[in-house]
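There are 2 protein chains.
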Amino acid sequence: MKKMNLAKAFTLIEPGPVVLVTTNDGQKNNIMTISWTMVLDFTPKFAVTTGSWNYSYTALRKNRECVISIPTVDLIDRVLGIGTCSGSDTDKFKKFKFTPLKAKHIASPLIKECVANIECKVIDIIKKHDIIVLEGLAAYYDSSRKEKRIIHAVGDGTFTVDGRKLNRRKMMQTKFPDLIHFFSK
Amino acid sequence: MKKMNLAKAFTLIEPGPVVLVTTNDGQKNNIMTISWTMVLDFTPKFAVTTGSWNYSYTALRKNRECVISIPTVDLIDRVLGIGTCSGSDTDKFKKFKFTPLKAKHIASPLIKECVANIECKVIDIIKKHDIIVLEGLAAYYDSSRKEKRIIHAVGDGTFTVDGRKLNRRKMMQTKFPDLIHFFSK
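Going down the list, the sequences are from chains A and B.
Counting along the first sequence from 1, when you hit position 169 you're at 400 in the numbering used here, and nothing is skipped either side.
Counting along the second sequence from 1, when you hit position 44 you're at 275 in the numbering used here, and nothing is skipped either side.
The hints are simulated quantities; they were obtained by calculation from the structure and are not laboratory data.
Be aware that a few hints might be false.
If several chains are the same, the list does not tell them apart, and a pair holds so long as it fits within one copy or across any two.
[As the list claims (entries may be wrong)] Pairs of lysine-lysine residues, derived as DSS-like cross-links and limited to a Cα-Cα distance of at most 30 Å, are as follows: (1) Lys358 x Lys276; (2) Lys359 x Lys328; (3) Lys326 x Lys239; (4) Lys358 x Lys406; (5) Lys325 x Lys406; (6) Lys259 x Lys406; (7) Lys333 x Lys343; (8) Lys406 x Lys359.
Chain A with its partners taken away, still in its complex shape (with noise of 0.2 Å):
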């Protein structure tokens, strides 16, 4: 797990997939599963919805940091599983078998597994509509991995998995010339 750089990490979530969280409330780790996220700004900050109905926000709220991790298509059924369970009563980590990798900044672990990993530290709450803001501190990715198809949700119980990549740069170029030529070196 190699350290990315960061002004390159929101391109990990504005595709839109699935996503794993993980959390440390002082004693224990947690993770949760969630799929509704946003890209709100290159630098990176990233929103992301939920609220006191997932056992993990507390620990959010409390300690305002957490991991953004990115599982591929062959995480699918662990990650599934994650989602359909609860930290009140589940070591996760244990449970679905996920090695948890000290961060630098925070206390929230990365997922060795994880395609990729994204240490955040939360900078706002807005409660009204259960948007919780997050800046990128340091993000990771394993080059390494033979599988990097990342999944995303439909919300009716099927998933769609990353297919053909069409490569648009040069069309893009007119926008956003230093980005892309960012990207493309």
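Let chain A serve as the given structure and place chain B on it in line with the hints.
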């Protein structure tokens, strides 16, 4: 373009597609391309990130309504064309040969060529984070359309197209019994 059950409209946004957002400023229609969107609630409620850097933002803020249209992969070059010019000097419906259709509740038009459209009103603007909160009023889906694969922006000038579909309804049933029953009917 047939009406779809509004309670299913969140499934158009949850997988994280590149979307088109149409507005009408009282005089003319406009379209913008955005990728930073999020579901906030099943009712449905959505968040989109935009601000004064987009020409459409003035109309969005003034008239507090828009249509979210979902383009498919066959439209990618028109979608990126829309995203790389400005409504300040371009009639994008004309230039990109999209057909505006009259919406039921608002002045912003549906786009005939897209696979789905959601009429929305703006219910909140969180200026601090450039988040617009939308509530869906009506949704439409063109099931007669052959190409239904949506596109996901990576953010680096590349895009991924929907690939394989995985059904995990049985597994999701434990957490969302009513929801999954609703979709599997």
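So, going through the hints one by one against the coordinates:
For the homomeric pair Lys358 and Lys276, the shortest alpha-carbon distances inside one copy (18 Å) and between copies (15 Å) are both at most 30 Å. In this assembly of identical chains, Lys359 and Lys328 lie within 30 Å of each other by CA distance neither inside one copy nor across copies; the values are 36 Å within and 40 Å between. For the identical chains of this complex, Lys326 and Lys239 are neighbours neither inside a copy (32 Å) nor across copies (33 Å), given an alpha-carbon limit of 30 Å. When the C-alpha separation of Lys358 and Lys406 is checked against a cutoff of 30 Å, the pair qualifies only between copies, where the shortest distance is 24 Å, while the shortest distance within a copy is 35 Å.
Proximity of Lys325 to Lys406 under the C-alpha cut-off of 30 Å is restricted to the inter-copy arrangement: shortest distance 21 Å between copies versus 46 Å within a copy. Only between protomers do Lys259 and Lys406 lie at most 30 Å apart by alpha-carbon distance; the minimum there is 23 Å, versus 45 Å within a single protomer. For the homomeric pair Lys333 and Lys343, the shortest alpha-carbon distance inside one copy (10 Å) is at most 30 Å, but the shortest distance between copies (50 Å) is not. For the identical chains of this complex, Lys406 and Lys359 are inter-copy neighbours only, at 24 Å across copies versus 34 Å inside a copy, given an alpha-carbon limit of 30 Å.
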